[in-house]
Structure formats: C-alpha cells, structure tokens
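A.B. asks: Residues per chain, in single letters:
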Amino acid sequence: MPFHVEARNLYKEYSGKKVLTDISFGVESGEIFALIGPNGAGKTTLLRILDLLEEPSSGTVWFEGTQVNCSARDRQALRRRIGMVFQQTVLFNMNVFDNVAYGLKVRGENRKSAEQKVIAALELVQLRGFEHKNALALSGGEAQRVALAQALVTEPELLLLDEPTANLDPRNVSIIEEALSRVNRERKSTMIMATHNMFQAENLAHRVVVLNEGRIERIGTFQEIFGKPSKFLMDFARLENIFSGVSRVTAEGTSIVDVGDGLSVEAAFEKVGNTTIYVRPEDIFLSTHPLVSSARNTFEGRIVQISDFGSVVKLKVRAGKDFIVQITKRSFNEMRLNVDSRVFLAFKASSVQTV
Amino acid sequence: MENSLLEALQRAFQPIFSLNQEVLNITLLSLRVSGTAVLIGALIGVPIGTVLGLRRFRGKQILIRFVDITLRSIVNTFMGLPPVVVGLAVYLLLTASGPLGPLGLLYTPTAMIITQLVMVVPIIIGITMSAVGSVEKAIREKALSLGATDRQAAWMVLKEARMGMLTAIIVAFGAAISEVGGIMITGGNIRWFTRTLTTAIVVEVELGNFALAISLGIILLSMSFAINVMLTIIQLRGAER
Amino acid sequence: MIAFIILAFVVASVFAYEQYLSSQKSVVVLATTTSTYDSGLLDYLMPKFESKYGVSVHIISVGTGQAIETAKRGDADLVLVHSKKLELEFTNSTYGIHRVGVMYNDFIIIGPTNDSAGINGLTNTTEAFKRIANKGAEGNAIFVSRADRSGTNMLELSIWIKLGMAPSNTTQAWYLEAGASMGTVLRMANEKGAYTLTDRATWLSFRSQLSRMAVLVQSDEQLLNPYAVILVNPEKYPRRNYKMAVALAKFMISEEGQNLIASFIKEGETLFTPIARNLELAKKLGFPDQEYELAWYDAQP
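For the record, the sequence lines run as chains A, B and C.
Quick note on the numbering used here: the first sequence kicks off at 1 and runs consecutively.
Quick note on the numbering used here: the second sequence kicks off at 1001 and runs consecutively.
Quick note on the numbering used here: the third sequence kicks off at 2001 and runs consecutively.
Heads up, some of the hints might be wrong.
Below, a list of computed lysine-lysine pairs in the BS3-like style, where the Cα atoms sit at most 25 Å apart [unchecked claim]:
1. A:LYS18 to B:LYS1137
2. A:LYS314 to A:LYS329
3. B:LYS1137 to A:LYS105
4. C:LYS2250 to C:LYS2048
5. B:LYS1137 to A:LYS17
6. B:LYS1159 to A:LYS112
7. B:LYS1159 to A:LYS105
8. A:LYS133 to B:LYS1159
Negatives, chain C to chain B, calculated, CB over 12 Å [unchecked claim]:
9. LEU2122
10. ALA2137
11. ILE2161
12. ALA2166
13. GLY2179
14. VAL2215
15. GLN2218
16. ASP2220
17. LEU2224
18. LEU2281
19. LYS2283
Per the computed footprint, the stretches of chain B lying under chain C, defined by three or more beta-carbons under 8 Å from a beta-carbon of chain C, are [claimed, not checked]:
20. 1034-1048
21. 1084-1097
22. 1102-1114
23. 1183-1191
24. 1197-1211
Note that these hints are calculated values from the structure, not bench results.
Owing to the predicted nature of the structure, the values given are computational and were not obtained by experimental measurement.
Don't be surprised by glycine CBs; every beta carbon is placed ideally from N, CA and C.
When you get a sec, could you build the whole thing from the sequences and use the hints?
C.D. replies: Structure below.
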C-alpha cells in the first residue's frame, strides 16, 4: 500500500535549544530512506516526530498527501499504520509471544488469528521457538529482533527504525538487515532508518539524508553523496586512506594519480590536475606473497601497526604511504601476521574513490 | 551486670518457644495493627500514586505542570513526616475534648491503625509514584507506537510497574511494624489491649525486664528480616531488565 | 468507581471488627503514674476487680502531670496519683471529684555506697540535700532529678525550695535533669554513682540491677508519699464509664482492696501501706475530707 511521507520545514526546539532546523524531505512509497549523522544530529527527534510521539515546534508532516493534524484520534489512527523500532530496546515483562502479539491485541484481534501472524513475524527474525521465553531474559540481539517482530507483525505501511543494529554482533545485524530487506521487497513497506553504519546505509537504503546539528547537509543516493564526500562526511564516516596528488589521464581511460613518496595509484575515472582520492580499507587485499591478479594497484610494504576490533583487524601498512587495511580476524590468525611482517597490498582501480 | 546480659539472652528465647500467651497477644496485635493500616493504605495510596506517576502525559500546559510539581513536593514532605508528630496530631483529633472525641477511639487499636495509616499512605504514594514514573515514558511510548490508545498504554504502564507497587507495600509494612512513638501516644500502651511489639519493648526496658525485651526484639527483627528478604527477591527479579 | 467502593467496604468492616473487639467487655480507663504502674501493684490488684465485675481495666501510665491532663481532657475515667498540689488543682477545676486517700509509700534517698556526701543514716531530708549540694559544688557528688513534673519530682523540688534553692543543670553542674521515669533515673544514678530521690516501691523493683546503690536516708515524715484516687466529673464528660469508675474506686478503698494492697510484696517487703480506713493517718497525710468521702463512696450503689 502506497505510503508517501513528506516533511515540510520542520523545526524542533527544547527549552531554547534548537534540535531540528528547517527539515524538508520526501520519502517515496516503498523506499528505504536512511538518516545518517553523528549523535545529537537530531535523527531520533525526527523519527519521534514522524512516529507522532512528539509534535514539531513548527512545520508539518504529510502522510499520503494529507497533513497530519493534532486531533488525538487521527494521530492514533495514523500511528496504527506506522511501526517503530527504538534505539534502546524496550520490551514488556512477559513472554516473547505476548510481546509480539501486543500490537495485534490492542487492535482487538483475538488470540487465534493473531497466532499465525506472530509466528510469521518470529520466523522473519529467526526467533521461532522463543515464544515462551520471558522477553527480559533475552540477549541484546534477541531482544532487538523481538522489537522488530513487534513492529512488523501489524504489517505497517511505514516502518521507522532508530539505529536498529547499533551495538549488535554481526550475526544479529545480518538477521535484522535481511528481515528488513525482505519486508521491503515483499510488502513494499516504506522505511526510514537512522544509522551510524555506512555499509548498512549503502546496502539497504535507496536514498540517504545526512543530518548535522539539526540541519540537512545532503540528500541523495549513497553514491551521489559518498562519491563526493564533504569534509564533514569524511570525518564522520571516518574515511581512511585519503591521499592528495596530481592526476593525469591514461590511454585506457583511467587516471594515474601521483600522491607523492614515489607512489602512483591508478583509478577508474578520468580526471586531470589536483585531486584527492581515497580507498576503503575493506577494498584492499593483503597477501604475504606478491599477487598476480587483475588488480591494477599492487604495492609492497611493512605492517607498522595492528588494531584488533574483535571480528575484524585493521592493519596500518607502510608502502610508501601509510595504508589502512581491514581483514577478518580469521584471516589475520591464519596468515600469522606481526608488526614488521612483509606484506603485499592490492586493490582495483575501481576501488579508488575521488572526493 | 556483665552476667545478666548473657542470662538475659538465654532467657530471651524461652517466651518465644513456649508461645507465652502475652507475647502471642503482643505479636498478633502488631500484625493486626500494621497489617490493617497497610492494607487500607495500599487501597488508597496505590491508585493515587499511579495517577501522580502518570500525570506527565495528561497535559503539557504550565498550570498542570505547576500542580504536578506541588503535589509531588507535598507527597515527598509527608513521606518524611515523623511518626511521633502524626501520633500527636491523631491524638489531638481523637481526644475526648477534641473534634472526633465522641467516637471514643482514643487508646484503642483503631486509633493506632489510624495513626499508622496516616504514616503509611504517603510512603505508598511516593514509591508507587516513583515506580510508575520511571517506566512511564518508555513503556507508554512503546505501547503507543505499537498502536495502543492512551488508555491501553496507561494500562501497560501499570502492569509494568506492578513490582514497584509491591515494593511500596512491603516498605510501608516494614515502616509500620517498627514504628513506636506515634502508636504509643494514641494507643496508650495498655497491657493486653494496645501493647504491640515495639511499645512492649519500651515498657519492658523501663522495668528492667531485659530478657523479655530481647525476646520481643528478636521477634521484631525476624519480621524485619523476612520483609527485607521479600524486598530483595523482588528487586533481583526486577533487575533482569 | 469500583475501587472506591471496595475501599469503603474494607474500611467499614475493619472499623466494625475493631469496635466489636473493644465492646466485648465494658472498659474503664485508669490514668496513673509510671512509678505506680512500674511497681507492679496494679497488675496485681486489677485482675481481682476485673473478674469480679466482668470489666476490663485499661491502665494508661504516664507522668503525674500528664495523668491528670489526660483525665481533664476526658480521656480517662479516674486517676490514681500522688501529688497533692496537682490533685487539689484538679479538684478545684471541678474536672476531678471525690478525691480520697488510698495508700502511701515512702520516698528514700539512695546514693553511692561510698557516700561522698556523708548522708547515710540521716532522717532529715533537708539536711541531706544540703550536704549533697555542698559536696556537689566541690565536684564530689552528683544528684539526678526526674525533672518531669512527676509526684517524685514535685517533692524533690519542694525540699530544694526549703533550702532557698532551685537548682538547674546550667548553673549547677552536679544537678542532672533526666526528664525520665523513675526506673530510668535509678539506672542512670547507678551508672554515675549519683544521689537521687526515689519511691521505695521502684527502688525495691530495681534493686537487683543497681549494684552501686544503697538506701541512705529514710523515715523522714517529709518523705511520706500518699496516693489519691479521683473520679472524672461525669457532668463534664457524660460519655465516660462513670459507674465503673466509682466501682473501681470503691474497690480500692474497700476492706478487700486495702488488704490486697497491704499484701503486695516485692523482694520480701511490702511496698504500700493502706490508709483509706485509717482516718487519723489519712488526715495527717493531707486528706481532711476522708471521712466525708468514705461515707459518700459507701453510699454509692
């Protein structure tokens, strides 16, 4: 069912502090729209306004071409078409089944017909079999998945999510992302999702809005925005491997960028003159032997720093310039890498982004 | 003197185990007075505490906020009211030359129940209010976002706060059973009639009957301990959040 | 709302139950002093009266001043106290009627066995107090006063007055004002090795706990401590149990009651001496109307 959302000139102030300033955007029906921004940017406030839990200081919200008005009854009716997953998981002190069934219960649905829907929702988040467990005894990831099931069981036309996978381990993250993907595909639900996670935004969202201190920085597709990231975005997204240099075009239609210290990087775009490029740590291949591959960029270097991030390891490799490379913990252990290990880096020309 | 403490301790256990008639009377009276006060206090205090705890969402206007703050301050003040002051006030009400004199309630267990009731209601209101208030925002919004009406959301808040309400009742009972000043004034500490564990301890210490005083003290401590065990269990269950 | 109805129901049934319990027997409320109650006499005397008349005697034991205040407020049916001054004030106010002498005990001065003030054996209380004050000023003696307007306290103060003194702790460091009952004061005196004035009954009750104390001064006529019973005027408080108050007073001054009082023994000694029917002694102890009152009581049904 089509559910178009539009925010027009939203302002929100809390005791003199401006939390949202002139927020305007539209979300197409069936679109997944990501809100990106640092803490305090106003993402949560914006979502709460969209969930009709709070009113903007000024400005209007439009659903389906109709302006939301203040009458409690209308707001309540609208809220029933919207589902929200909060940043801090809140569950009721009862078993998982009753928690998920709550949305149906308040709509007057009886237990029998609710049962099927609840089971389907639990399957979606891979929690079949958890029906009788007390919700407060679940792990963080399981709890958040229940919260998602709660929101999904009523088949909302609009789904709002406030950093749904923050602080979760990769397995839970992927279960939730898969569920969201599926729901969006099958039901064409509109989704607006606040996230810190760039990969998540890139993977799931059709379009992205960047919020900073209550204002919209950029709106567009992920490629549009990260193709030319602003300074702010670079800091926020913690982009690494940023190099400045002079670029010249080759006969094959690629560019070679001289970034200094004897290093030249081949990039899959055409640009001449001063340019800034960056390469994502996950796009760089690491090998203990020279690689013969299709990658246009190969460099030899030494590991100078190792940072353990649990399931991934980031290595600083000095190969003329310092590169940050990201590999899985498993690979790290298998390759038996140490500081001062001699390694070979490789990445494709297409992995080189320009600012 | 050094000997007598040990002797007293030894002799202290005797009345307990022999189910001394007077000790039984005293213990049962304590339970009856404090139990009744807390029962009625809960019926009054839990609803009021709930309403005050929910008050946040009823209105955002300045006037309502002002009333809200005033009510809360009043509750907090009364929570800390010295029981002996309550006793004095109730005494002045119930004395034969006072406004409620004709009821002839002074120096009866009823007067003691009234005294403890006045003491206990603010405690129950205060703790319930706090318990409801602490879950109110998160639970209410969660319920609303799942499609509940205001009423349905309020009900969920109550359900989630039920542990807090139980805590309120248990704390109130603990306070009532160990109170002594107020009920001494309004009950008169009459033997067999208005003498409770606490007031009996006072008189027995007066008379130097330390053995008996200690046995009464042991009974009182056991009750206090039992109460605290119950509270701890509730808190641990609640801590799973 | 339903909650309100349930609440009202619970309150009403509790109230009714309590009333039922209290109305089981007729009740008469006797206000008396802590020292009287603590002596144990009343717990000995009252059961006989209670079983004879099928009535419950509720005893409120507080300081003399408070006992009389309680009666004046109409919260008691009769009083049993021992402070002539306050008693007469009570009867003069017309709230108390038919004051009659019941018994007496005596006061004694007790003090540390080493008796630094050297009063042992004296029979003149005034002289004894003088010596205590002198030694106290030197820092060699302490006196503990009840300082609570009780009968004991009033007597103690009257003796200081004879010496032209009105001691207080602020100017006399040796004079401690306890503001407590007799038992507490005795224990305090024992802890501090101090002198104090006490009624013999309480002394006998607590003697075993007071290892450092001994009786030093006794048998002074000044130290006689007569007890009176006074009824609360039914015209002021018609709702009280006047009938039973009269019966209780009658019991206490009857031959049976008086014999019981005389037979009350503690630590091998009689504590109280009955005087109701001893007209001469009664008059001497401050009951000039004893004969008249006895006749009145005897005439009551």
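A.B. asks: Determine for every hint whether it applies to the structure shown.
C.D. replies: Outcome of the hint check:
{"no.": "1", "hint": "A:LYS18 to B:LYS1137", "in the structure": "holds (22 Å)"}
{"no.": "2", "hint": "A:LYS314 to A:LYS329", "in the structure": "holds (9 Å)"}
{"no.": "3", "hint": "B:LYS1137 to A:LYS105", "in the structure": "holds (21 Å)"}
{"no.": "4", "hint": "C:LYS2250 to C:LYS2048", "in the structure": "holds (13 Å)"}
{"no.": "5", "hint": "B:LYS1137 to A:LYS17", "in the structure": "holds (21 Å)"}
{"no.": "6", "hint": "B:LYS1159 to A:LYS112", "in the structure": "holds (23 Å)"}
{"no.": "7", "hint": "B:LYS1159 to A:LYS105", "in the structure": "holds (15 Å)"}
{"no.": "8", "hint": "A:LYS133 to B:LYS1159", "in the structure": "holds (18 Å)"}
{"no.": "9", "hint": "LEU2122", "in the structure": "holds (28 Å)"}
{"no.": "10", "hint": "ALA2137", "in the structure": "holds (31 Å)"}
{"no.": "11", "hint": "ILE2161", "in the structure": "holds (29 Å)"}
{"no.": "12", "hint": "ALA2166", "in the structure": "holds (28 Å)"}
{"no.": "13", "hint": "GLY2179", "in the structure": "holds (14 Å)"}
{"no.": "14", "hint": "VAL2215", "in the structure": "holds (18 Å)"}
{"no.": "15", "hint": "GLN2218", "in the structure": "holds (22 Å)"}
{"no.": "16", "hint": "ASP2220", "in the structure": "holds (27 Å)"}
{"no.": "17", "hint": "LEU2224", "in the structure": "holds (25 Å)"}
{"no.": "18", "hint": "LEU2281", "in the structure": "holds (30 Å)"}
{"no.": "19", "hint": "LYS2283", "in the structure": "holds (34 Å)"}
{"no.": "20", "hint": "1034-1048", "in the structure": "holds (count 6)"}
{"no.": "21", "hint": "1084-1097", "in the structure": "holds (count 3)"}
{"no.": "22", "hint": "1102-1114", "in the structure": "holds (count 8)"}
{"no.": "23", "hint": "1183-1191", "in the structure": "holds (count 4)"}
{"no.": "24", "hint": "1197-1211", "in the structure": "holds (count 3)"}
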